[in-house]
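Colleague: Okay, here's what each chain looks like letter by letter:
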Amino acid sequence: DAGVIQSPRHEVTEMGQEVTLRCKPISGHNSLFWYRQTMMRGLELLIYFNNNVPIDDSGMPEDRFSAKMPNASFSTLKIQPSEPRDSAVYFCASSPPLGGGNEQYFGPGTRLTVT
Amino acid sequence: KNEVEQSPQNLTAQEGEFITINCSYSVGISALHWLQQHPGGGIVSLFMLSSGKKKHGRLIATINIQEKHSSLHITASHPRDSAVYICAAYPYGGSQGNLIFGKGTKLSVKP
Chain A
1 DAGVIQSPRH EVTEMGQEVT LRCKPISGHN SLFWYRQTMM RGLELLIYFN
51 NNVPIDDSGM PEDRFSAKMP NASFSTLKIQ PSEPRDSAVY FCASSPPLGG
101 GNEQYFGPGT RLTVT
Chain B
1001 KNEVEQSPQN LTAQEGEFIT INCSYSVGIS ALHWLQQHPG GGIVSLFMLS
1051 SGKKKHGRLI ATINIQEKHS SLHITASHPR DSAVYICAAY PYGGSQGNLI
1101 FGKGTKLSVK P
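Chains as they are written, first to last, in the numbering used here: chain A, 1 to 115; chain B, 1001 to 1111.
Honestly, the hints are just simulated from the structure, not real lab data.
Incorrect hints may appear among the rest.
[What the hints assert, rightly or not] List of simulated lysine-lysine pairs, DSS-like, C-alpha gap at most 30 Å:
hint, chain 1, residue 1, chain 2, residue 2
1, A, 24, A, 78
2, B, 1103, B, 1053
3, B, 1103, A, 68
4, A, 24, B, 1068
5, A, 78, A, 68
6, B, 1054, B, 1068
7, B, 1103, A, 78
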């Protein structure tokens, strides 16, 4: 199993540009999570999907952030327009359909730098 | 006050030492997750436990539900164990997305 796949691994962009981060969960997993990690705040949940449906997006910072999961094998996190304070590592994780409190499997992360 | 507290924040050990990292939480939980994040940034799941003790190689995780406390032990530590160790709690009755993360413990093992 390839594990959770994220792309790109690194992204450097200028303020105001649109950024799209991609995630492919582990096959068979039905929950997908987007996290942001910064030195100041640690890991924060942005949004999570269950069976491709957004369940909780209360962690999404503001309207500049949006996430989609068009099918069970693909999700995107988009930032438009990007700002320097969005610089962070963004992790995607997935978990299998076994009920609440299931082990999450993390992708390698996308390191985003907004200048 | 963070609902999940880890201690110590930073830990330096000599190779071969026995290491303990602590995690305390203030909410009722259904499970607790120990994660390892290496300097390269990747996050690896070490243990998921809701009671008792689990062991994998040199790593041992314990949890005391009544005391709301979990520990991660590393026996015969090695420089390759150097990483940030994060505990994360699933609040009881919460959904999968309600994982509450500790701030992490940065471990450095010197040869």
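Colleague: Has the given pair, residue 1054 of chain B with residue 1068 of chain B, been kept, meaning a C-alpha gap of at most 30 Å?
Modeller: 17 Å, holds
Colleague: Hinted pair, alpha-carbon criterion (30 Å max): residue 1103 of chain B, residue 68 of chain A. Please report holds or violated.
Modeller: 28 Å, holds
Colleague: Given the hinted pair residue 1103 of chain B and residue 78 of chain A, is their alpha-carbon gap at most 30 Å?
Modeller: Status holds; Cα separation ~26 Å.
Colleague: Next pair to validate is residue 24 of chain A with residue 78 of chain A; report whether the Cα-Cα distance is within 30 Å.
Modeller: Judged against 30 Å, a Cα distance of about 15 Å means the pair holds.
Colleague: Decide if the proposed pair is consistent with the structure: residue 1103 of chain B and residue 1053 of chain B, CA atoms, cutoff 30 Å inclusive.
Modeller: 23 Å, holds
Colleague: Tell me if the straight-line CA distance from residue 24 of chain A to residue 1068 of chain B falls inside 30 Å.
Modeller: 35 Å, violated
Colleague: Quick one, are residue 78 of chain A and residue 68 of chain A close enough, alpha carbons at most 30 Å?
Modeller: Measuring from Cα to Cα gives roughly 8 Å; hence the hint holds.
In summary, the structure is inconsistent with hint 4 from the numbered list given earlier, while agreeing with all the others.
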